[in-house]
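Asker: Protein chains in written order, with the working numbering: chain A, 529 to 950; chain B, 529 to 950.
Quick caveat, the hints were computed from the structure, so don't treat them as lab data. Some hints could be false.
As the list makes no split between identical chains, a pair holds if one copy fits it or if it spans any two.
[What the hints assert, rightly or not] Calculated lysine-lysine pairs in the DSSO-like style (CA-CA distance at most 30 Å, straight line):
1) Lys552 - Lys583
2) Lys941 - Lys776
3) Lys552 - Lys881
4) Lys881 - Lys642
None of the values given here were measured: they were computed from a predicted structure.
So you can see what is in the structure, the chains are spelled out below.
Protein chains: 2
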Amino acid sequence: MALIVHKYGGTSMGSTERIRSVAKRVAKWARAGHQMVVVPSAMSGETNRLLGMAKELSPAATTPELQRELDMIASTGEQVSVGLLAIALQAEGMQAVSYAGWQVPIRTDSAHTKARIQHIDDARVRADLAAGKVVVITGFQGVDEHGHITTLGRGGSDTSAVAVAAAMKAHECLIYTDVDGVYTTDPRIVADARRLTTISFEEMLEMASLGSKVLQIRSVEFAGKYRVPLRVLSSFTPWDIDIDAEAKSGTLITFEEDEKMEQAVVSGIAFNRDEAKISLMGVTDKPGIAHLILGPVAEANIDVDVIIQNVSHDGRTDFSFTVHRNDFQRTMELLRVKVLPVTGATDLIGDAKICKVSIVGIGMRSHVGVASRMFSVLSDEGINIQMITTSEIKTSVVIDEKYMELAVRALHKAFDLDQPPG
Amino acid sequence: MALIVHKYGGTSMGSTERIRSVAKRVAKWARAGHQMVVVPSAMSGETNRLLGMAKELSPAATTPELQRELDMIASTGEQVSVGLLAIALQAEGMQAVSYAGWQVPIRTDSAHTKARIQHIDDARVRADLAAGKVVVITGFQGVDEHGHITTLGRGGSDTSAVAVAAAMKAHECLIYTDVDGVYTTDPRIVADARRLTTISFEEMLEMASLGSKVLQIRSVEFAGKYRVPLRVLSSFTPWDIDIDAEAKSGTLITFEEDEKMEQAVVSGIAFNRDEAKISLMGVTDKPGIAHLILGPVAEANIDVDVIIQNVSHDGRTDFSFTVHRNDFQRTMELLRVKVLPVTGATDLIGDAKICKVSIVGIGMRSHVGVASRMFSVLSDEGINIQMITTSEIKTSVVIDEKYMELAVRALHKAFDLDQPPG
Numbered sequence: 529m530a531l532i533v534h535k536y537g538g539t540s541m542g543s544t545e546r547i548r549s550v551a552k553r554v555a556k557w558a559r560a561g562h563q564m565v566v567v568p569s570a571m572s573g574e575t576n577r578l579l580g581m582a583k584e585l586s587p588a589a590t591t592p593e594l595q596r597e598l599d600m601i602a603s604t605g606e607q608v609s610v611g612l613l614a615i616a617l618q619a620e621g622m623q624a625v626s627y628a629g630w631q632v633p634i635r636t637d638s639a640h641t642k643a644r645i646q647h648i649d650d651a652r653v654r655a656d657l658a659a660g661k662v663v664v665i666t667g668f669q670g671v672d673e674h675g676h677i678t679t680l681g682r683g684g685s686d687t688s689a690v691a692v693a694a695a696m697k698a699h700e701c702l703i704y705t706d707v708d709g710v711y712t713t714d715p716r717i718v719a720d721a722r723r724l725t726t727i728s729f730e731e732m733l734e735m736a737s738l739g740s741k742v743l744q745i746r747s748v749e750f751a752g753k754y755r756v757p758l759r760v761l762s763s764f765t766p767w768d769i770d771i772d773a774e775a776k777s778g779t780l781i782t783f784e785e786d787e788k789m790e791q792a793v794v795s796g797i798a799f800n801r802d803e804a805k806i807s808l809m810g811v812t813d814k815p816g817i818a819h820l821i822l823g824p825v826a827e828a829n830i831d832v833d834v835i836i837q838n839v840s841h842d843g844r845t846d847f848s849f850t851v852h853r854n855d856f857q858r859t860m861e862l863l864r865v866k867v868l869p870v871t872g873a874t875d876l877i878g879d880a881k882i883c884k885v886s887i888v889g890i891g892m893r894s895h896v897g898v899a900s901r902m903f904s905v906l907s908d909e910g911i912n913i914q915m916i917t918t919s920e921i922k923t924s925v926v927i928d929e930k931y932m933e934l935a936v937r938a939l940h941k942a943f944d945l946d947q948p949p950g
Numbered sequence: 529m530a531l532i533v534h535k536y537g538g539t540s541m542g543s544t545e546r547i548r549s550v551a552k553r554v555a556k557w558a559r560a561g562h563q564m565v566v567v568p569s570a571m572s573g574e575t576n577r578l579l580g581m582a583k584e585l586s587p588a589a590t591t592p593e594l595q596r597e598l599d600m601i602a603s604t605g606e607q608v609s610v611g612l613l614a615i616a617l618q619a620e621g622m623q624a625v626s627y628a629g630w631q632v633p634i635r636t637d638s639a640h641t642k643a644r645i646q647h648i649d650d651a652r653v654r655a656d657l658a659a660g661k662v663v664v665i666t667g668f669q670g671v672d673e674h675g676h677i678t679t680l681g682r683g684g685s686d687t688s689a690v691a692v693a694a695a696m697k698a699h700e701c702l703i704y705t706d707v708d709g710v711y712t713t714d715p716r717i718v719a720d721a722r723r724l725t726t727i728s729f730e731e732m733l734e735m736a737s738l739g740s741k742v743l744q745i746r747s748v749e750f751a752g753k754y755r756v757p758l759r760v761l762s763s764f765t766p767w768d769i770d771i772d773a774e775a776k777s778g779t780l781i782t783f784e785e786d787e788k789m790e791q792a793v794v795s796g797i798a799f800n801r802d803e804a805k806i807s808l809m810g811v812t813d814k815p816g817i818a819h820l821i822l823g824p825v826a827e828a829n830i831d832v833d834v835i836i837q838n839v840s841h842d843g844r845t846d847f848s849f850t851v852h853r854n855d856f857q858r859t860m861e862l863l864r865v866k867v868l869p870v871t872g873a874t875d876l877i878g879d880a881k882i883c884k885v886s887i888v889g890i891g892m893r894s895h896v897g898v899a900s901r902m903f904s905v906l907s908d909e910g911i912n913i914q915m916i917t918t919s920e921i922k923t924s925v926v927i928d929e930k931y932m933e934l935a936v937r938a939l940h941k942a943f944d945l946d947q948p949p950g
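My request is simple: use the sequences and hints to build the entire structure.
Answerer: Here's what the structure looks like:
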């Protein structure tokens, strides 16, 4: 008997019929003797419907007061889901109770629409589990110290599930989703992409951060920080498949580096076309210039991804970085008004038609020349590299969006990812 | 400058376009110098949509655990409304903030799906008003002492608005609805029904309790208990009509009996076809019999309306009462299982095809013979009376449902309600 957390995405919760299937699956696990905590997302389409109405009423504004109200509205999608799932579980003969984020409580900071979890009180949930109940907790949301409802941003339910699993010291957190695991790359782009049975936490972190949409990056960070074993698996298997087979399916994100991993230099190819590139040309190169440029961006709660500052010529340098495309216009305007005048930059250039392609692998640590191999593969395809960043276990390049599929396919083949590990 | 509470029904909140109109109307009042608290209902159809999904998952059950989950689900409709209205107010240039019931908090008992308000903490709202904000509060819901979300039952947003007005000692509580006031009877049944400019609190209480759907009865009780001046008015006037004209429109529910009221013996004809009649025949007539019968009904949280026990013959009597039609089957079953065996009753008879018709008027206090006049009017129409109850200011009869319109029209005419008060 173990404490298990299940997380179900919006598609799995998309109709009462599907919710009934989720309830039957959870009941199967509970009847096998596990203590069950379930974190469902809002029914698919619901968050968009709710925020769509808000947008009709206030097309442009982005004040903190508005964002607080967006959280009031968007958080209801998950609240409906937990209530419906609890009812479906009761109809299956289980004892079940649902909680909104504020009821647990899941305490967050006050950054509305992209809050961060600070603390989860496990007392209430633990008492319910001890009383034999299945506990259903809203994903995506929490409550700040002033009692305002917050949300964690898109995909936040993954983070909620992992955070709950960490707080409850769960045996495993199972993320049921519409794919059956983590692949070497997106099978829609490369037909012979392979499912990985295990992936290291660090690789998964890079895959997630680089646009592999399977898991939200913060959920992986949380899992790493608290060493929560995390499994990504399909919610489209029949609910009554053998529980032992189900428990071993999908992709397990592990914290131990086993031999098999060592053998594969590159585990996967990630890509991302959600970003936009911004360059400030001819910035006066003096200490503090990066902060001068990115400080106002950070203050506006805009996440920056790749940052490049090259060596300077004649005391001037070009400074480039990428942001999410949704933040592109806002960032350009911010720079034009607040940054351009004080940096001495000669020009501000934005480009939303870029993509980022990355090779990720723990094996890169002990193998030299992997990055240069990547550059040569791209060069052979005639693809120009606009930006490069590297870390211990990944190398990313920013290229023209139109070459994305070509780059991913070429790299997948060049690093033998279509072959099972030897 | 006064503190005013506005309440808007689901139809008024039915689309983003209508929410925008509500925001413009509220902004008009705020700009006129009033401190504004607004209590909107869920968007029309939303509560039914939400509870419909719950019903698909659990068609029959009525456990407390299920009802708790229904409240989790249903309460989200109002939460979406307050968020959207706050955003619309912000778009109008107002400062606005929304609160769910638990955030105020609006404290209730734990009777899920029909909870009662116990206390409202006004500190948070008062601080916001002092800071110049319009405060938007969810109707229909609260939170119990254990932090569970509760709802007040259908129409509960009226009660929320009045309770908030009482807690805030508001100057007036304006209930915007899809009718333009309280009528002598339902204009859909009697074409020359007249709108009352004022009605006493006690008459309104009877009208509401007798099925006049303008206001929920508990809201009128609250208004009476805390002497909250209550105005029912139309939400379909243009938002930009003159505020002084708007402030005098509709029907004011007053606490002073003025001369005009004294002149009208009967103020209105109410009716109700939501009830069902249940009779236990040949009950052994001994002390405590009423409690023996109705105790289990009350414990099952079923409201009983009319209760009749007639004189006994040979130590046996017939005991009849009415309940809401939704509770009819459940009550019949309860009586069959728990009550019939212990009362010695010879038979249990139920009839859902009844209606209740009532004449209501403060003037009845000082005029004898009003009730007998009513019986003679019904007799002239050949309508058989099945049950009679009276209070100081109303007389109600239970009759066959099919005679309802006939009875209402005849009484409306007989008591000169089609004539303006002299």
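Asker: Tell me, which hint numbers fail for this structure?
Answerer: 3
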